[in-house]
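Participant: Sequence lines, in order, name chains A and B.
Start counting the first sequence at 1; every next residue gets the next number (this note's numbering).
Start counting the second sequence at 1; every next residue gets the next number (this note's numbering).
Because the hints were derived from the structure by calculation, they are not lab data.
We treat Cβ as the ideally placed atom computed from N, Cα and C, and that holds for glycine.
You may find that some hints are simply not true.
Example chain B residues on the side facing chain A (calculated, C-beta under 7 Å, incomplete) [stated by the list, open to error]:
#1 Ser29
#2 Val31
#3 Ile37
#4 Ala64
#5 Ser116
#6 Asn137
#7 Trp294
2 protein chains.
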Amino acid sequence: MAKGITKRSVDYSQWYVDLVRKAEMADYSPVRGCMVIKPTGYGVWEKMQQALDRMFKETGHVNAYFPLFVPESFLQKEAEHVEGFAPECAVVTHAGGKKLEENLVIRPTSETIIWSAYKDWISSHRDLPLLINQWANVCRWEMRTRLFLRTTEFLWQEGHTAHATHEEAEEETLRMVRVYQRFAEDFMAMPVYVGRKTESEKFAGALHTYCIEGMMQDGKALQAGTSHNLGQNFAKAFDVKFQDKDGVLKYVHGTSWGVSTRLVGGLIMTHGDDKGLVLPPNMASLPVVFVPIWRGEEQRNAVLDKAREITRDWDPLFYRIDDRDQYKPGYKFAEWELKGIPLRVEIGPRDVENNQVVVARRDTSEKMTLPMEGLREKLETLLDTMQQDLFAAARERMDANTHVVDCYEEYKERVGQGGFYKVFLDVANPEVEARMQEDTKSTVRCIPFDLDEAEKAEEGPCMISGKPCKGRVIAAQSY
Amino acid sequence: MAKGITKRSVDYSQWYVDLVRKAEMADYSPVRGCMVIKPTGYGVWEKMQQALDRMFKETGHVNAYFPLFVPESFLQKEAEHVEGFAPECAVVTHAGGKKLEENLVIRPTSETIIWSAYKDWISSHRDLPLLINQWANVCRWEMRTRLFLRTTEFLWQEGHTAHATHEEAEEETLRMVRVYQRFAEDFMAMPVYVGRKTESEKFAGALHTYCIEGMMQDGKALQAGTSHNLGQNFAKAFDVKFQDKDGVLKYVHGTSWGVSTRLVGGLIMTHGDDKGLVLPPNMASLPVVFVPIWRGEEQRNAVLDKAREITRDWDPLFYRIDDRDQYKPGYKFAEWELKGIPLRVEIGPRDVENNQVVVARRDTSEKMTLPMEGLREKLETLLDTMQQDLFAAARERMDANTHVVDCYEEYKERVGQGGFYKVFLDVANPEVEARMQEDTKSTVRCIPFDLDEAEKAEEGPCMISGKPCKGRVIAAQSY
Chain A
1 MAKGITKRSV
11 DYSQWYVDLV
21 RKAEMADYSP
31 VRGCMVIKPT
41 GYGVWEKMQQ
51 ALDRMFKETG
61 HVNAYFPLFV
71 PESFLQKEAE
81 HVEGFAPECA
91 VVTHAGGKKL
101 EENLVIRPTS
111 ETIIWSAYKD
121 WISSHRDLPL
131 LINQWANVCR
141 WEMRTRLFLR
151 TTEFLWQEGH
161 TAHATHEEAE
171 EETLRMVRVY
181 QRFAEDFMAM
191 PVYVGRKTES
201 EKFAGALHTY
211 CIEGMMQDGK
221 ALQAGTSHNL
231 GQNFAKAFDV
241 KFQDKDGVLK
251 YVHGTSWGVS
261 TRLVGGLIMT
271 HGDDKGLVLP
281 PNMASLPVVF
291 VPIWRGEEQR
301 NAVLDKAREI
311 TRDWDPLFYR
321 IDDRDQYKPG
331 YKFAEWELKG
341 IPLRVEIGPR
351 DVENNQVVVA
361 RRDTSEKMTL
371 PMEGLREKLE
381 TLLDTMQQDL
391 FAAARERMDA
401 NTHVVDCYEE
411 YKERVGQGGF
421 YKVFLDVANP
431 EVEARMQEDT
441 KSTVRCIPFD
451 LDEAEKAEEG
461 PCMISGKPCK
471 GRVIAAQSY
Chain B
1 MAKGITKRSV
11 DYSQWYVDLV
21 RKAEMADYSP
31 VRGCMVIKPT
41 GYGVWEKMQQ
51 ALDRMFKETG
61 HVNAYFPLFV
71 PESFLQKEAE
81 HVEGFAPECA
91 VVTHAGGKKL
101 EENLVIRPTS
111 ETIIWSAYKD
121 WISSHRDLPL
131 LINQWANVCR
141 WEMRTRLFLR
151 TTEFLWQEGH
161 TAHATHEEAE
171 EETLRMVRVY
181 QRFAEDFMAM
191 PVYVGRKTES
201 EKFAGALHTY
211 CIEGMMQDGK
221 ALQAGTSHNL
231 GQNFAKAFDV
241 KFQDKDGVLK
251 YVHGTSWGVS
261 TRLVGGLIMT
271 HGDDKGLVLP
281 PNMASLPVVF
291 VPIWRGEEQR
301 NAVLDKAREI
311 TRDWDPLFYR
321 IDDRDQYKPG
331 YKFAEWELKG
341 IPLRVEIGPR
351 DVENNQVVVA
361 RRDTSEKMTL
371 PMEGLREKLE
381 TLLDTMQQDL
391 FAAARERMDA
401 NTHVVDCYEE
411 YKERVGQGGF
421 YKVFLDVANP
431 EVEARMQEDT
441 KSTVRCIPFD
451 LDEAEKAEEG
461 PCMISGKPCK
471 GRVIAAQSY
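With the rest of the complex left out, here is chain A (with noise of 0.2 Å):
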């Protein structure tokens, strides 16, 4: 355990604060609820941004920036949205000395400043798809906040997409949510569930809204990402239409989707441990640190020559030597334990003698002693194994706590203590969606989209209600 980290088994919840902070990822700032992002977390947010917007281009998107600031007015104009949104949001009521004419609210998203550009941006059938993602700030006023997983203000991208046809709307709408997905598996080595909001959990102005969903260690759910298909109701609010090859004016069909830095608060609570931070290597900026071991100025020369020597064509955001004098070998062992460094290269008199180094994997603790030669291929190798070991260990977890509940007394009982319950409820009715979570603090993540055929053709009664039902719902406590 590293020192000043509460056991996970002792105190999830402490055990989570104390790690971001040991490990100098974020902090509170002194304005409520806003966090300082330090240069560890924010490495991580870099490389999640990387990956991400390499996807987004990859399938056709585009970036800009619209403004911070939203005209009070403009909320109002989609009835749902302004409900949703309104109760959270900043207002800024004077600027340069003078008062306003008209309120700003510091964006909470950005639909309706953006499809109030779009106005301008679209006549025509050649103008559609439009194709645009944002990177940017956010700012929702939350009561109780978290570090990274809620705070007032937020960094993330939303895209906002315009097409001519409710089909090529839905096929965006799905494609993202599935590029989310992939991240998140591949990168973050964060299995998820892939599936519909209920109405009652869909976004503030959306027809229906897609999301993945992770499980943290704790057995609680993570909403990872989430991607609306917005129908024409943007459209309409903000009178947005195109004259189609028939030559009729038709209003757009619209699409926003949407991550942000909760990620990191995920990726931590995925496979961070007792002593700290575990990084897989997709998502790790350093991927591997050299600890060098020696007594005395002629040792500390010979093994510092070797590890330069060694490295020497290596990319140098590939490795670090940590070759400072004021700490000892254990304390840098567990710094970057801390910090989730994936492998530890040791490099001690002996190993220079012996053309060899000792490797320490992060994620098992394995240490192996590997030739000099080669060095840099079998790293990679290694790396290439832990990323997909760490996301088969997570996919066992989640699978072996997903449970299949069909008494709601039995639910009752489990459900406080983590895990996805597959049950069957009558989701076409708020009420009983309301009685749950009253009850039991759960909510249903998703109406699944993977489920094999069997289960598809399931039927049963709600565990509420009892009504018939098709298919299962994933209900469960979250973040």
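Guided by the hints, dock chain B onto chain A, whose structure is given.
Facilitator: Using the frame of chain A, we list chain B on its own:
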């Protein structure tokens, strides 16, 4: 001349606005003074970010993120700083449906919120130097705005570093202004003067400010980047001390430095012409566009097949084949010229027969016939040449429009026509600068660094007060 773009010779200012809009770089938003950065403009900013971020990391900096909101009381802790920025601030007075206990200012710059965090981060000489950069949006409520050059909200990076000694802080301040110079010259192909700001032009709260100043095509100056030695001002305001090696508690020394989306405006005004934007290859997210030329389906297929064959192994980010059927080649030529794509490759049926293509340079309009074999390498060489030629042309223009003037009457007559003026001016006396500004709307852009020995030794009377001065300053009208 491109359709809808005023000629530079007719109205330079209108040319700029027309170009920014027609090339779809940016547009005003419904929020006063805020702009929407459209994909073409944002693409340039992304190239700038990539190059700068790499340069910052190569000089040892890491990224972090601090809150958008600054408590009003923080701004007031440094006397000069609040005087400089308070009048331009946007203020959040309400959030989450309630009036706030303390108003929050949208950051106009982040010194105060960052130094309040540094108080917790720094306690020992081991914590120094602290080398942090932030990519963020900031807000200054400007009365007169111009797209990219001066907007209420803009995007920028702000470096904030902390050091043990004055000498180290000074070294950092100089290092970063030289990084900005290198970026401007090597990537933007925009030559700059590097120097120190006068007392009246320095950053509010700094000991002194260094800057790079570019010359736009109308001869006006554009301040393109600044680097401030903050001394111990912010450390004292926020009580940031460290225990030095000698055991004594001392105040930390700080620097800050930044460039913004204003650079996009600088790039346009350095290289743009009457046909539109001209991108130096190092700033082009798309360096090469193929425009196929055909009549009828058969030719279309032959030409497109050949273009795809030539480019089969090329990096997809290097080129695009414009295979849109609804537009004629002439339309496509004009569109890509408007958007500043460095090289256009024309390929028609006769070119396919002769295994050649026609390549047109955006900057010189020069056309040349090149064999298909080895085309990729030839294009890369051409791009290198173009990058150098653009810099050389801009440097020549800057040199030709930098004048040595000693007589104030002559200065008053000439400065309104544009150009930089090397003059003797008693910058120790703010009244002299104030008078010059009142008489001529011009200011001291910098006290330049890179004079030759003869220039450094030169002495003469201040052109306004007659007081003896050593070394000339650069004065000009500016954006």
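Participant: Give a verdict on every hint.
Facilitator: Status of each hint after checking the structure:
1. Using the Cβ-Cβ criterion of 7 Å, the hint placing serine 29 of chain B at the interface with chain A is satisfied: the shortest such distance is roughly 5 Å.
2. At a threshold of 7 Å, the smallest CB-CB gap from valine 31 of chain B to chain A is about 5 Å, leaving the interface hint in force.
3. Checking isoleucine 37 of chain B against chain A: minimum C-beta separation of about 4 Å stays under 7 Å; hint holds.
4. For the restraint placing alanine 64 of chain B at the interface with chain A, the shortest Cβ-Cβ distance is roughly 5 Å, inside the 7 Å limit, so the hint holds.
5. Checking serine 116 of chain B against chain A by beta carbon gives a least distance of about 6 Å; that is within 7 Å, so the hint holds.
6. Below 7 Å, beta-carbon pairs count as interface contacts, and asparagine 137 of chain B has one with chain A at about 6 Å; its hint therefore holds.
7. Violation of the interface hint for tryptophan 294 of chain B is found here, the shortest Cβ-Cβ separation to chain A being roughly 20 Å, above the 7 Å cut-off.
Checked against the numbered hints above, the structure violates only hint 7.
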